[in-house]
Structures are given as C-alpha cells and as structure tokens.
Amino acid sequence: MSRWLLVLVVALLSGCAGMSKVGPGEVTVRDSLSVTLDGAWNQYSIGLTRKSEVWTLDGLPLDRLVFHVGIADGEALAELPQRKDRQVPKYQTTMQAHEIVEMYEVFATHDGSSFQRQKLAPAPFAGGDGFRFEFTRVRKSDELEMRGVGYGTVRGGKLYLVIFEAPRSHYYARNVGRFEAVVSSVRIRG
Amino acid sequence: MLRRQFLTGCACCGLLGRSSTLLAATPGPLPARLERPEPGSDEGGLWSLLSREEERLKRSRFLLRDGALNAYVARLACRLAGDHCPDIRVYIVRSPFFNASMAPNGMLQVWTGLLLRMENEAQLAAVLGHEIGHYVGRHSLEQLRDAKSRTALGQFLGMALGAAGVGAAGSLAQLALLAGMFAYSREHEREADRIGQELIATAGYPPIEAAKVWQQLVAEVKAEAEWSGDAGSRSIFFASHPDPEERSQAMANRAATMNGDGGDPASAAYAGQIRGHRRQWLDDELRRRKAGETITLLERLLRQSDDGETRFFLGEAFRLRAADGDAARALREYAAAEPRSDCPPEMYRSRGMLQRQAGDTAAASASFQRYLSLRPDADDAEMIRSYLQEGI
Chain A
1 MSRWLLVLVV
11 ALLSGCAGMS
21 KVGPGEVTVR
31 DSLSVTLDGA
41 WNQYSIGLTR
51 KSEVWTLDGL
61 PLDRLVFHVG
71 IADGEALAEL
81 PQRKDRQVPK
91 YQTTMQAHEI
101 VEMYEVFATH
111 DGSSFQRQKL
121 APAPFAGGDG
131 FRFEFTRVRK
141 SDELEMRGVG
151 YGTVRGGKLY
161 LVIFEAPRSH
171 YYARNVGRFE
181 AVVSSVRIRG
Chain B
1 MLRRQFLTGC
11 ACCGLLGRSS
21 TLLAATPGPL
31 PARLERPEPG
41 SDEGGLWSLL
51 SREEERLKRS
61 RFLLRDGALN
71 AYVARLACRL
81 AGDHCPDIRV
91 YIVRSPFFNA
101 SMAPNGMLQV
111 WTGLLLRMEN
121 EAQLAAVLGH
131 EIGHYVGRHS
141 LEQLRDAKSR
151 TALGQFLGMA
161 LGAAGVGAAG
171 SLAQLALLAG
181 MFAYSREHER
191 EADRIGQELI
201 ATAGYPPIEA
211 AKVWQQLVAE
221 VKAEAEWSGD
231 AGSRSIFFAS
241 HPDPEERSQA
251 MANRAATMNG
261 DGGDPASAAY
271 AGQIRGHRRQ
281 WLDDELRRRK
291 AGETITLLER
301 LLRQSDDGET
311 RFFLGEAFRL
321 RAADGDAARA
331 LREYAAAEPR
341 SDCPPEMYRS
351 RGMLQRQAGD
361 TAAASASFQR
371 YLSLRPDADD
381 AEMIRSYLQE
391 GI
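Those sequence lines, one after another, are chains A and B.
For the first sequence, this note's numbering gives the first residue as 1, with consecutive numbering after it.
For the second sequence, this note's numbering gives the first residue as 1, with consecutive numbering after it.
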C-alpha cells in the first residue's frame, strides 16, 4: 500500500501528470485559434484556463509559450492572487498596442520580477495587422535573465496575444525559431 | 506573496535581544558593540545561516549596485549606529514595496519602494534608526528564547535550509515570508520606535519626521482601501505591529517633548541622492497597480516638489487607473508637466495615446511627432510611426 503511495507521489512530483503532447499538424487552441505545427510541443494542464494555454518544448523553467485568446472587453489576461478586482488591469477595446503591453507587464512582474520592454513595432499576425514586442525580465524565483517576444492583434473587438519566453542564455536562441514558426501559422477561427 | 510582503517593514529579524530601556537609561550613546555568538549556541546557528543568505544577497540581480547611493545610505546608518557601524552592512534591494529589515548578523536591507516614499533624509534616518533599535536591543533573541517561538525557529531553519537549494531569490523570498514568524512584540516595536526617534534627534534631525513616516503610510493604505476595498488587513504588518495611527501619535507626542520640528530634515540632500533612480522606481510603482496608494504617494510628493517628472507620473497613474474622468485628470497633469525642464519625453507619447482615444487626431499627431523628435531612436518609434500613418 505504502509503496503504491510512494509511486504516486514520485509520479506527481516528477511533473509527468501535468503535461500532454500537442502536434505535429493542425492544433486548435481553446477553440479560438488554430496553428500548424511541424513538430510536437508539450501542453501544460495547470496553465489551461477558459481563454489561455501554456506550452513548452524543454520544460517550463526553460521555455514557455503562452496563448491568450479571445479576451473580451473588461476581461483580465489572468487571475492575480490576493488582489482585489480593481487592482487587476482589464483589457479594453480602446487600448492601443502600447497599452496592451503595459497591461501584460503587470502580469509579468506581479511576482516581483523586473521587466524591460526592448522593442515594440507593427507586425503581421494571424493573417492581418498586429504588433510584435520584445522584452527582458529577471525572474524573481531564480533570478534568471529571461528574454521574451510577443505578438498581438485585435479581431472583432477581442484580443489575441501569444508570448514566448526563455532564459537569455542558450534556451531563447535554441527555441525562438520554433516559436516564430508557430506564430506564422496562427489563424483565428470564426 | 508580494501582497503579504507589503508593509512588512521593520517586521524582520533583529535577533540579538535584551534590555528594554536602552536609551532611556543611557540617553545618547548606544550600548557597546555586540559579540559574535558562539557557533554552538541557538543564536550562533541562526547567525551562520543568515551569513550564507547574505552571501546570496550580495550576488542578487535585484541588488542596486549604484556606489554613490549605497555609500550615502551606509554613511547615514553609520552615523546613527555610532560604535556599531562596523557591524552593520547596508543592501539596497530593487522592490517597489515599503520595507526595511535588519538581520541579527547586521545585514540591513532597504527596499527601493521605501526609499521612494521618504520625503527627506530625516525620514530615512528614522527608519534606519528603528532597525538599529531592534539590533542593539537584541529583540529577536528575546523572541527566540521565548518558548513559544522555538517551534517557529525550527520551522524557520528547516524551511530556510530547504530553500537554500532553490537559488538566491527563492531563498530570500522565503526569508522575507518567514520573517513574519519573527514579528516583534508590540513592546519591541515601540521600543525600536523610541530608539530610532532618539537617534535622529541626537543626529540633529527633526524628531517629528519619524511620526510623519507612519502618517504617510496610513494615508496611502486608507486611500487604497477606499479605491479597491483592499484594507491591508491581511498584511503581516498590520497583524504584528501596533496600530500605525496610535504609533504615529505616540511618536508625535514624544517629538513634542524633544526638539519637535527643530533641525534640518535635509530634503534637498535626499532628493539629490535619489534623483537618478526615481524614474525606475516610479515605473516599478505604477506596475503594482495600486492606484489608491500610488496617487496618494504622488500627490504628496508633488506638494513637496512640484516638478515635471512627478506631474508626469501622477498623470500616468490616472491614465492607467482609467476610471471615469481619469483621462481628463491625466491630461491636466501632462499639461502642467510640459513646460518644466524635467518633463520626460514619454509625456508626449502618453498624451498622444489619450488624444487618439478621444478622437482628437490633430492633437494626437502633434504629440506623437513631438515624442519622435525627442526620442528618434526609441524602442517603440516604429509603432508610433504606424499610428501616424494610420492617420490616427
């Protein structure tokens, strides 16, 4: 009995339980967006909400792709623990690219991490106009220097935001090409 | 966790504890320097653990490494600590929360959110003096030797040692959280308040400034409660500290028996020291999205110094809050900031965004053009140019 319990605990601790494989081929994200993958990614179940998904190639501490899809006026990108409603920024349809990135910064720094936007420019995304931004961040939990890139667009009054982040040394360069390939295949569904 | 850390200021360690009438018995000079504890003692064990934490802190990427500012704060701590100066080491940590803490081994941390909130050197001295009060009062040792705290110490050591494998910041974050276990008794807080206030009076600062630190904090917390309903009641700070209003009143009463508002608070000297850092600290402050606290803070700083930078950031706080009437409030602040020499060029970008949203295309275009002329190489220049090309 206790041996089985031990096996269960080890399985849970090893993190296997939280991941499932997605791709290759066409994959839909929260029924709102589709991508065509040339290889497999790992979907993290804990990052799943009604309007977001979290994927990784080499494991979550090392790289992370986050989709926020179909965020409507008045909705937040995510929940923030121990904050009152008015302390959580909400998406508004009047927001410009700058303000969307400002909103993202709040979520990227709520754990005490530092954030520095490096670039913000128009870019094609999901078959239309969008924007692309780059940033660096020192992650509070382990003080790793992270590098990130995100794409965003607004369709039918709803926000679609896709962000990739990995440690500046090695993992960003290793996987950012795979991320850009995902981005170039993004199609917003109906 | 940061939510819990807010205002944990002065709740941290300060382990060596003893007399409760230190300065009352010997006004002026502090007691003699403290000996390093025996390694085999309870105190010695915690001391060596904290020394390892200090080594990690020295390597932290969140440490502010500006030599001049570090030297300034260290000099001030030294001036207050007298003979204890060689035993105290100051670390400035980039974090937008009001916090300072003194570990029993003399590791004194000051967070940038606290530095941003101090109006003058006297107020910073009051906070440092308070922490030195815990240190020389050896308050944490009293806590440690209190039977009730022994279990807490066991948990503290276990968790801190466990966290040691996690990495510098993880471990430090644990320490900050666990500091709550060492929350001082209210008597210790009152004693540290008194010691701090006497130290600043002896150093020639107006003792009333110690009371103002708490008044300012209370005003921020009340404004946030009014805006968001976040009463701060879950904060360790409010659980472990004497009522801040009562505390502030006690210090104001004591100041009246001392030198009151006599003395130089050294406002200009302080402003000069933090000038080069304020923008980053204010950017960090805005990302907290505690509009009640931030607007109260900026309005207070504005009463002290009506400059373009502060006006701009107050405008930013209104723009980001985005409640009814906030766009108009932000535009008023930007207008007031514009003629001042220290108005950041980003004011034109923010103003342009609000004008664009309001449909005032000609004005928005002029604002964006001005931003681009001042910051032609800005990281977002292409985006701004695209706003202009879209005919706004």
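These are computed hints drawn from the structure, not numbers from a lab.
It is possible that some hints are incorrect.
Selected chain B positions facing chain A (in silico; Cβ < 7 Å) [to be verified]: (1) Gly229; (2) Arg287; (3) Arg289; (4) Met353; (5) Thr361; (6) Ser365; (7) Arg375; (8) Asp379; (9) Glu382; (10) Met383; (11) Ser386.
Listed below are the simulated BS3-like cross-link pairs for lysine-lysine, each with C-alpha atoms no more than 25 Å apart in a straight line [what the hints assert, rightly or not]: (12) A:Lys90 to B:Lys222; (13) A:Lys90 to A:Lys21; (14) A:Lys84 to A:Lys21; (15) A:Lys158 to A:Lys119; (16) B:Lys222 to A:Lys84; (17) A:Lys90 to A:Lys119.
Between beta-carbon pairs, the in silico distance windows are [stated by the list, open to error]: (18) A:Arg50 to B:Ser185: 33 to 39 Å; (19) A:Thr36 to B:Asp306: 30 to 36 Å; (20) B:Gly67 to A:Arg168: 22 to 28 Å.
Just so we're clear, the structure is a prediction, and the values are computed from it rather than from any experiment.
Idealized CB from N, CA, C, for every residue including glycine.
Checked hints:
Using the Cβ-Cβ criterion of 7 Å, the hint placing glycine 229 of chain B at the interface with chain A is satisfied: the shortest such distance is roughly 5 Å. Because the beta carbon of arginine 287 of chain B sits about 5 Å from the nearest beta carbon in chain A, less than 7 Å, this interface hint is met. Taking 7 Å as the C-beta cut-off, the interface hint given for arginine 289 of chain B holds, the closest approach to chain A being about 5 Å. Hint status for methionine 353 of chain B: holds, given a least beta-carbon distance of 6 Å to chain A, under 7 Å.
A least Cβ separation of about 13 Å between threonine 361 of chain B and chain A goes past the 7 Å threshold, and the interface hint is therefore violated. Restraint check, serine 365 of chain B versus chain A: the minimum CB separation of about 14 Å is more than 7 Å; hint violated. Violation of the interface hint for arginine 375 of chain B is found here, the shortest Cβ-Cβ separation to chain A being roughly 13 Å, above the 7 Å cut-off. Restraint check, aspartate 379 of chain B versus chain A: the minimum CB separation of about 5 Å is within 7 Å; hint holds.
For glutamate 382 of chain B, the interface hint holds, since its Cβ comes within 7 Å of a Cβ in chain A; the closest pair sits about 4 Å apart. Interface restraint check: methionine 383 of chain B against chain A, minimum CB-CB distance 5 Å, threshold 7 Å, status holds. Among the interface hints, the one on serine 386 of chain B holds; its C-beta lies about 4 Å from the nearest C-beta in chain A, closer than the 7 Å criterion. For the hint pairing lysine 90 of chain A with lysine 222 of chain B, the CA-to-CA distance comes to about 24 Å; that is within 25 Å, so the pair holds.
For the given pair, lysine 90 of chain A sits about 31 Å from lysine 21 of chain A by alpha-carbon distance, which is inconsistent with the 25 Å threshold. As the CA atoms of lysine 84 of chain A and lysine 21 of chain A are separated by approximately 35 Å, the hinted pair breaks the 25 Å bound. At roughly 23 Å between alpha-carbon atoms, lysine 158 of chain A and lysine 119 of chain A fall within 25 Å of each other, so this suggested pair holds. Between lysine 222 of chain B and lysine 84 of chain A the CA atoms are separated by roughly 15 Å; this keeps the pair inside 25 Å, and the hint holds.
Between lysine 90 of chain A and lysine 119 of chain A the alpha-carbon distance is near 23 Å, which keeps this suggested pair within the 25 Å criterion. Under the hint 33 to 39 Å, the C-beta atoms of arginine 50 of chain A and serine 185 of chain B, about 47 Å apart, miss the expected range. Checking the proposed 30 to 36 Å range against threonine 36 of chain A and aspartate 306 of chain B shows it is violated: the Cβ atoms sit about 57 Å from each other. Taking the beta carbon of each, glycine 67 of chain B and arginine 168 of chain A are about 26 Å apart, inside 22 to 28 Å as hinted.
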